[in-house]
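If you read the protein sequences in the order shown, they are chains F and A.
Positions 6 to 311 (my numbering) are the ones given, in order, by the first sequence.
Positions 6 to 311 (my numbering) are the ones given, in order, by the second sequence.
FYI, nobody ran anything at the bench for these hints, they're computed from the structure.
Do not rely on the hints blindly, as some may be mistaken.
To be clear about the criterion: a stretch of chain F counts as covered by chain A if any three or more of its residues have a C-beta under 8 Å from a C-beta of chain A, and this derived list gives those stretches [what the hints assert, rightly or not]:
(1) 100 to 112
(2) 139 to 151
(3) 182 to 192
(4) 224 to 237
Since we're looking at a predicted model, the values are computed, not measured.
Note that CB positions come from ideal geometry on N, CA and C, so glycine has one too.
Number of protein chains: 2
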Amino acid sequence: MRLLVVGSVALDSISTPFGDVTDGLGGSAVYFSVAASLLTGVQVVGVIGSDYPVAELDKLTSRGIDWSGVERQPGESFRWKGKYSFDLSSRETLETRLGVFGGFQPKLPTGFRNTPFVFLGNIDPELQLRVLDQMQSPKLVACDTMNYWIESKREALMKVIKRVDLLIINDEELRQLAGDWNVPRAANWVLAQGARRVIVKRGEHGALLVEPGGRFYAPAFPLEEVFDPTGAGDCFAGGVLGYIARSGEASSPVLRRAIVYGAAMGSFAVAKFGIGGFEGVTRESLLDRVQSFRDLTHVDLAEPIG
Amino acid sequence: MRLLVVGSVALDSISTPFGDVTDGLGGSAVYFSVAASLLTGVQVVGVIGSDYPVAELDKLTSRGIDWSGVERQPGESFRWKGKYSFDLSSRETLETRLGVFGGFQPKLPTGFRNTPFVFLGNIDPELQLRVLDQMQSPKLVACDTMNYWIESKREALMKVIKRVDLLIINDEELRQLAGDWNVPRAANWVLAQGARRVIVKRGEHGALLVEPGGRFYAPAFPLEEVFDPTGAGDCFAGGVLGYIARSGEASSPVLRRAIVYGAAMGSFAVAKFGIGGFEGVTRESLLDRVQSFRDLTHVDLAEPIG
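Take the sequences, apply the hints, and build the full model.
Structure below.
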């Protein structure tokens, strides 16, 4: 089934210990849809300036990404510039230029309003609410957020959380949101606020799903070479939502599988600059990566110790 | 089969946000053996001063811990004093008084020399080598180490690593040992130095096994209440070695199960001060905790995405 994502379509300039890139395709909606399109058709809602390299987006259309919800406005595109530490464990934002993204007002094309699966990327929660108001009874809505909105738009964010089926959030932001450093406890707090399920992204340490009556932990793939972590979390979300949309439902077993697909997408994302990690990734190499997850986590506990 | 541990038998004074304890039973050999004794008989080699509360150790004898290899010497016992940060994520050592442990010369009682499974706790690697010299062809030797020995006794430590079947080490120390911040790469470096297998302890993030031809990742149990992390790593090692000794062998499937038992032991360890977390833990509650691991990690990947 179809999947809709609302988020940033940006140009990223990234410096890592292994090299630099200037004005590469980036933004949460781009990372998300490049990953999700390996599993299902994706509709993108966003905004770009008149300087955006539209031909680069067009090249991705053949993957099954529908860019018709991306508005082109006069002015500059959203640009982010960041620099990673020598071990990639932390990064510094050198520059953020919102450009036309600063006045982003998501408008869903009529054909997008009944899309059953929705991901609200990391944008102003007031805009996330406006997107929800335009949707016609979606089957599942997931959202992301960040420290900036937790601090500045807490009230609107809590309204979003009440309305979503799945919050996908990183551990630091979850701690900040709940005001509790203990991650499992903070996740339960979010459930009490109305989100039906929470997936806590823990970077190289994997992801934890917390839902009423159950928890699931999936490690990240241990990689000997990590080149650029930018967008890994959005690609993870793209894998999760892509798999759910492909399945047409989000039962607990489906969601667990979806998280493994998300982890696989995250492992592709970090292999090269920007979306370059997905070059050459096919349905088959995706399945290979997912199968290697089984080898990584399989344990036979059947034998009792008596 | 029997299991031997050589390590510290100490008195710990611990300050956490939830309270304080003074001169509680601690030390790597004590934590290790309290956990391992839920699975097999344990022989301890260590040293205590004339001030050690021997009656407290004697209480643990009924669990199947043989203290006859612990020498009592005139002088003060090893004391450690530490204080945890508000979120337990870091700790500061306030005081270390080696006492009689400073001159520790491990001497194995004759009846301990043919014990098939051995854990060399975090002591001077030169002493670890002397213990190995006293053993009669053990089936499996595992060891731990720490930053202090990596810095001050690197040569002896590398000799130990060449001779052991299993290095159990935390991620920071592994990075320091290998001079590489990438954990999977650093673990492979250790294998190239001669250790047959490595288990990387990652605290609340779980543990990663790296062996030739395979990797296994086990999360830590997500706990809503963590009281005192002291000794969790030693209890983890006690669970791993205890399960291996109980099984009588360390094939890859056994080692994976052993790590899950280790994770269970770690989760008991942090529930109360010191070894208090093991009060009331039975074979049955251990099995319950291990079973809950299955719920936490189980995913059915059988269904192909077509």
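Here is how each hint holds up against the structure:
1. 100 to 112: violated (count 0)
2. 139 to 151: violated (count 0)
3. 182 to 192: holds (count 5)
4. 224 to 237: holds (count 6)
The earlier numbered hints that this structure contradicts are 1 and 2.
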